[in-house]
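Colleague: Produce the entire structure from the sequences given, and follow the hints as far as they go.
The listed protein sequences derive, respectively, from chains A and B. Each residue of the first sequence is one higher than the one before, counting from 109 in the numbering used here. Each residue of the second sequence is one higher than the one before, counting from 31 in the numbering used here.
Note that these hints are calculated values from the structure, not bench results. Quick caveat, the model's predicted, so the values are computed rather than measured. Any given hint could turn out to be false.
Pairs of lysine-lysine, DSSO-like flavour, derived with a Cα cap of 30 Å [stated by the list, open to error]:
hint, chain 1, residue 1, chain 2, residue 2
1, A, LYS257, A, LYS269
2, A, LYS257, A, LYS169
3, B, LYS435, A, LYS169
4, A, LYS169, B, LYS510
5, B, LYS384, B, LYS223
6, B, LYS435, B, LYS510
7, A, LYS131, B, LYS435
8, B, LYS573, A, LYS169
9, A, LYS131, A, LYS269
10, B, LYS384, A, LYS257
11, A, LYS169, B, LYS384
12, B, LYS223, A, LYS269
13, A, LYS131, B, LYS324
14, B, LYS573, A, LYS269
15, B, LYS384, B, LYS343
16, B, LYS510, A, LYS131
17, B, LYS573, B, LYS435
18, A, LYS269, A, LYS169
19, A, LYS131, B, LYS384
20, A, LYS131, A, LYS169
21, A, LYS131, B, LYS573
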Amino acid sequence: MTSPFELLGVPSLFALDEQELEKRHRDLSRALHPDRYAGRPSSERREALSRAISVNEAFRKLRDPISRAEALLSQLGRDVSETNQPRPEPSLLMRVMEQREELSSARRAGERARVEALAAQANSAAYEATERMADAFSEDPIPVEQVLKVLGELRYLQRLKEEAGAALDEL
Amino acid sequence: MLLDIFDPKAAPRAIGIDLGTTNSIVAYVRDGAPVALTTCDGGALLPSVVHYGSNGAVLVGRAAKAQLTRAPGRTVASVKRFMGKGAADEETTRLGAVSFATPQDDEQARSVRFDVGRAVTPVEVSAEILRSLKQSALDQLRAVGGAVLTVPAYFDDAQRQATKDAGRLAGLEVLRLLNEPTAAALAYGLEQKQNGLFAVYDLGGGTFDVTILRLEDGVFQVKSSGGDSALGGDDMDRAIAQRLLLQMGAGDERVPEVVALALSAARELKHALTNAAEASIELPAKAGATIIAKLSRDELDQLIEPLLERTGKACRRALRDAGVEAGALDGVILVGGSTRVPRVRSFVAELFGKAPRCELDPELVVAYGAALQADLLTRDDAEVLLLDVLPLSLGIETMGGGVDKILPRNTTIPAGARSTFTTYADNQTGFELHVVQGERELAADCRSLARFSLRGIPPMPAGMARLEVELSVDENSLLKVSARETTTGIAQEISVQPTYGLSDDDVERMLIEALDHGEEDLERRRLVETRVEGERLLLATHKGLASDADLLEPAERAEVDVALSALRDAIASAASASPVQAAIDRLDHATHVWAGRRMNRAVAQAIAGRSVSDIEQSVKHADGVDAHVARHRGTAP
Numbered sequence: 109m110t111s112p113f114e115l116l117g118v119p120s121l122f123a124l125d126e127q128e129l130e131k132r133h134r135d136l137s138r139a140l141h142p143d144r145y146a147g148r149p150s151s152e153r154r155e156a157l158s159r160a161i162s163v164n165e166a167f168r169k170l171r172d173p174i175s176r177a178e179a180l181l182s183q184l185g186r187d188v189s190e191t192n193q194p195r196p197e198p199s200l201l202m203r204v205m206e207q208r209e210e211l212s213s214a215r216r217a218g219e220r221a222r223v224e225a226l227a228a229q230a231n232s233a234a235y236e237a238t239e240r241m242a243d244a245f246s247e248d249p250i251p252v253e254q255v256l257k258v259l260g261e262l263r264y265l266q267r268l269k270e271e272a273g274a275a276l277d278e279l
Numbered sequence: 031m032l033l034d035i036f037d038p039k040a041a042p043r044a045i046g047i048d049l050g051t052t053n054s055i056v057a058y059v060r061d062g063a064p065v066a067l068t069t070c071d072g073g074a075l076l077p078s079v080v081h082y083g084s085n086g087a088v089l090v091g092r093a094a095k096a097q098l099t100r101a102p103g104r105t106v107a108s109v110k111r112f113m114g115k116g117a118a119d120e121e122t123t124r125l126g127a128v129s130f131a132t133p134q135d136d137e138q139a140r141s142v143r144f145d146v147g148r149a150v151t152p153v154e155v156s157a158e159i160l161r162s163l164k165q166s167a168l169d170q171l172r173a174v175g176g177a178v179l180t181v182p183a184y185f186d187d188a189q190r191q192a193t194k195d196a197g198r199l200a201g202l203e204v205l206r207l208l209n210e211p212t213a214a215a216l217a218y219g220l221e222q223k224q225n226g227l228f229a230v231y232d233l234g235g236g237t238f239d240v241t242i243l244r245l246e247d248g249v250f251q252v253k254s255s256g257g258d259s260a261l262g263g264d265d266m267d268r269a270i271a272q273r274l275l276l277q278m279g280a281g282d283e284r285v286p287e288v289v290a291l292a293l294s295a296a297r298e299l300k301h302a303l304t305n306a307a308e309a310s311i312e313l314p315a316k317a318g319a320t321i322i323a324k325l326s327r328d329e330l331d332q333l334i335e336p337l338l339e340r341t342g343k344a345c346r347r348a349l350r351d352a353g354v355e356a357g358a359l360d361g362v363i364l365v366g367g368s369t370r371v372p373r374v375r376s377f378v379a380e381l382f383g384k385a386p387r388c389e390l391d392p393e394l395v396v397a398y399g400a401a402l403q404a405d406l407l408t409r410d411d412a413e414v415l416l417l418d419v420l421p422l423s424l425g426i427e428t429m430g431g432g433v434d435k436i437l438p439r440n441t442t443i444p445a446g447a448r449s450t451f452t453t454y455a456d457n458q459t460g461f462e463l464h465v466v467q468g469e470r471e472l473a474a475d476c477r478s479l480a481r482f483s484l485r486g487i488p489p490m491p492a493g494m495a496r497l498e499v500e501l502s503v504d505e506n507s508l509l510k511v512s513a514r515e516t517t518t519g520i521a522q523e524i525s526v527q528p529t530y531g532l533s534d535d536d537v538e539r540m541l542i543e544a545l546d547h548g549e550e551d552l553e554r555r556r557l558v559e560t561r562v563e564g565e566r567l568l569l570a571t572h573k574g575l576a577s578d579a580d581l582l583e584p585a586e587r588a589e590v591d592v593a594l595s596a597l598r599d600a601i602a603s604a605a606s607a608s609p610v611q612a613a614i615d616r617l618d619h620a621t622h623v624w625a626g627r628r629m630n631r632a633v634a635q636a637i638a639g640r641s642v643s644d645i646e647q648s649v650k651h652a653d654g655v656d657a658h659v660a661r662h663r664g665t666a667p
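Modeller: Here's what the structure looks like:
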């Protein structure tokens with residue numbers, strides 16, 4: 109299977125240039141979007157649709173630090189997913205658990221400002237973990253175990269971010 | 031009636047239609063600029079009201095609107111709010127004058143049906159409006175090609191499918207369903223030629239949408255969309271009408287004529303308050319008395335504040351989803367008739383921290399965008415592209431009633447994703463899947479789209495079978511589901527049961543019923559449509575040969591040439607659709623591999639399009655994983 113990096117024609121890097129990635133996606137969309145094939149034979153339209161779907165899927169993967177890391181690890185021969193990777197350290201788990209509890213109490217109390225503060229905290233923690241991930245991927249050789257640890261951390265922070273977002277949706 | 035689509039002397043023109051809750055508009059592009067066509071009412075706006083006369087005659091537009099207070103039971107307004115809704119939908123319980131037919135079975139319960147002397151579905155009512163617009167376009171353009179229909183960005187799959195069905199029923203070739211805010215942005219963007227980040231605030235008669243999008247190099251990339259497909263000017267009218275009903279001394283029992291009168295008076299007051307600080311209207315009250323109902327702008331503002339708060343919430347979420355702050359926006363665009371209400375304008379200005387723009391008529395701008403998109407789709411030199419997003423997450427119900435979100439909201443479309451499920455009992459040979467759309471955690475709180483059953487899984491222990499389900503959405507945000515069992519690779523029979531809306535058979539039956547000579551007319555129409563498709567294909571193939579003939583092997587080229595002349599002959603001589611269709615299929619087959627190569631070429635050109643310095647940059651940086659893989663290949667665990 110073609111890697112998302114190959115599909116979008118960008119280097120296999122964790123620290124991707126986001127603007128370059130978006131430009132590439134735009135250029136490929138121009139070439140493959142079904143609107144470009146509106147008057148064409150049906151099999152050609154189907155083919156363009158499925159290619160456009162693959163390009164969008166690859167773009168989605170590369171924009172998200174978690175799936176981008178997974179794609180890179182997969183190239184290194186380590187296929188990981190949420191269920192088969194080392195768990196993060198207990199101290200992180202404790203911290204995330206506390207924050208989730210605080211979040212749900214703020215949510216119940218309808219305190220928007222507190223939920224917003226927690227969401228901002230989760231965002232900056234995720235940002236910081238993403239930076240550490242980028243550092244790890246820039247080392248040679250790539251410290252795979254280290255990457256996996258940060259990846260686990262990111263997953264927890266991502267879920268926290270999602271919960272904070274869902275809480276904000278309601279308030 | 032349907033052969034009028036085809037006037038062999040006139041070149042068919044693609045049209046754009048804004049099928050609105052309150053008014054509908056048809057537009058096309060003339061000399062590069064969108065123009066609204068005159069409807070049967072003499073202006074650009076056709077009231078989206080349909081009246082079913084007791085003599086069987088159907089009225090659309092202003093004539094039907096005049097019947098709203100006279101014969102409310104036979105007149106349907108705001109049909110858009112019922113598109114894709116089931117008989118038990120909450121919308122049927124809101125204040126209104128029309129009555130509903132009681133469903134006799136589950137099949138009927140899948141769609142709302144209005145009781146207008148007979149039972150009609152929202153799809154049929156909408157088709158009447160579309161038919162009238164198509165006729166107006168035909169009168170002025172002589173031949174109509176395909177049509178782009180607009181839908182609220184926040185419409186779910188069932189609502190979109192219903193809109194498409196209405197187009198089909200009206201005898202339109204639906205080229206595309208286009209999101210209304212995106213259409214408006216297209217009209218503005220092409221007019222202003224300005225790159226940047228924009229918010230579109232679209233408050234119509236019955237629906238609210240907010241879209242955040244970036245315009246860059248001719249690509250309109252939607253970052254996020256949000257909204258409420260049951261929130262709009264109608265709800266303002268209802269809030270005012272509730273107050274008027276109290277003043278009129280109307281009891282809890284809702285008399286359709288009285289409700290229709292109160293709603294109509296509410297609309298009048300609301301419109302008057304756009305330019306005045308106070309307005310009044312004379313209304314009948316109990317025991318033959320009349321009252322003067324007064325409403326001030328302050329009072330109106332108070333009545334609509336809760337509705338505006340709901341739009342504010344959706345806007346904040348859309349900004350968050352797009353990952354931008356309001357301060358980063360280059361502009362805010364107002365769309366929809368309800369944005370004429372002064373409080374709506376000031377609310378939007380406060381919300382986004384900048385004065386909104388409304389240089390283009392907020393009631394016409396969506397139709398303009400639809401016309402522009404219709405024009406883009408029929409040209410192959412188009413430089414402009416719309417990249418839209420899925421408005422609501424798509425998922426599959428899990429054991430225990432949760433939702434496995436396979437495609438999250440605001441994913442760029444077309445999109446597809448897979449998820450794997452397994453059997454939970456030994457020797458389980460079938461599998462039920464429930465596809466839902468929405469953001470809530472429980473499947474029961476989301477919108478049910480369809481149930482799928484898979485049969486023919488070979489017997490094996492629980493947890494052994496691997497069922498890979500793929501959800502994909504096309505450029506119209508319409509869903510397709512496929513599934514396969516991956517351990518054996520055995521193909522499954524899938525049967526689909528949509529939760530809401532009409533089946534293809536229903537639409538086909540209605541189509542035949544709507545024609546004067548049923549089957550016979552339908553066959554003639556198919557021939558016409560197939561011929562048009564064949565002509566288009568000939569044109570596209572010749573253009574392809576002009577640019578990419580070098581990608582064909584000589585034997586393939588010979589095959590293409592034979593298929594081309596066979597299609598030309600079939601178009602000229604066929605008396606029914608099937609020989610033309612067969613020739614189309616043959617050409618399609620002969621060009622299929624070539625089409626793939628042409629796509630590869632287009633992709634290679636897209637990738638090579640970047641500047642030399644970009645390439646040097648990426649070469650320098652490519653010392654990352656690629657190098658690592660090269661050095662450690664085979665040694666990784």
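Colleague: Are the hints correct? Go through all of them and say.
Modeller: Consistency of the hints with the structure:
For the given pair, LYS257/A sits about 19 Å from LYS269/A by alpha-carbon distance, which is consistent with the 30 Å threshold. The hinted pair formed by LYS257/A and LYS169/A meets the criterion: a straight-line CA distance of about 20 Å does not exceed 30 Å. For the proposed pair LYS435/B and LYS169/A, the alpha carbon gap of about 16 Å is at most 30 Å, so the pair holds. At roughly 21 Å between alpha-carbon atoms, LYS169/A and LYS510/B fall within 30 Å of each other, so this suggested pair holds.
At most 30 Å may separate the alpha-carbon atoms for a hinted pair to count; LYS384/B and LYS223/B meet this at roughly 20 Å. Taking the CA atoms of LYS435/B and LYS510/B, the gap is about 15 Å. The hint holds against a cut of 30 Å. With a C-alpha separation of about 28 Å, the suggested pairing of LYS131/A with LYS435/B holds against the 30 Å cut-off. Proposed proximity of LYS573/B and LYS169/A is contradicted: the alpha carbons are some 36 Å apart, above 30 Å.
Our distance criterion of 30 Å between C-alpha atoms is met by LYS131/A and LYS269/A, whose separation comes to about 27 Å. Between LYS384/B and LYS257/A, the direct Cα distance comes to roughly 44 Å. Violation of the 30 Å bound is thereby established for this hinted pair. As the CA atoms of LYS169/A and LYS384/B are separated by approximately 34 Å, the hinted pair breaks the 30 Å bound. The hinted pair formed by LYS223/B and LYS269/A fails the criterion: a straight-line CA distance of about 37 Å is larger than 30 Å.
A C-alpha spacing of about 56 Å is found between LYS131/A and LYS324/B, which places the hinted pair above 30 Å, so the restraint is violated. Distance restraint check for LYS573/B and LYS269/A: the Cα-Cα separation of roughly 50 Å exceeds the 30 Å cut-off, and the hinted pair is therefore not satisfied. The hinted pair formed by LYS384/B and LYS343/B meets the criterion: a straight-line CA distance of about 17 Å does not exceed 30 Å. Restraint check: the Cα-Cα separation between LYS510/B and LYS131/A comes to about 29 Å, which is no more than 30 Å; the hinted pair holds.
Using a Cα cut-off of 30 Å, the hinted pair LYS573/B and LYS435/B is violated, with the two alpha carbons roughly 42 Å apart. Simply put, LYS269/A and LYS169/A have alpha-carbon atoms about 18 Å apart, close enough for the 30 Å limit, and the pair holds. Of the supplied pair hints, the one linking LYS131/A and LYS384/B holds, its CA atoms being roughly 29 Å apart against a limit of 30 Å. Taking the CA atoms of LYS131/A and LYS169/A, the gap is near 16 Å; set against the 30 Å cutoff, the hint holds.
With a CA separation close to 28 Å, the supplied pair LYS131/A and LYS573/B stays within the 30 Å bound.
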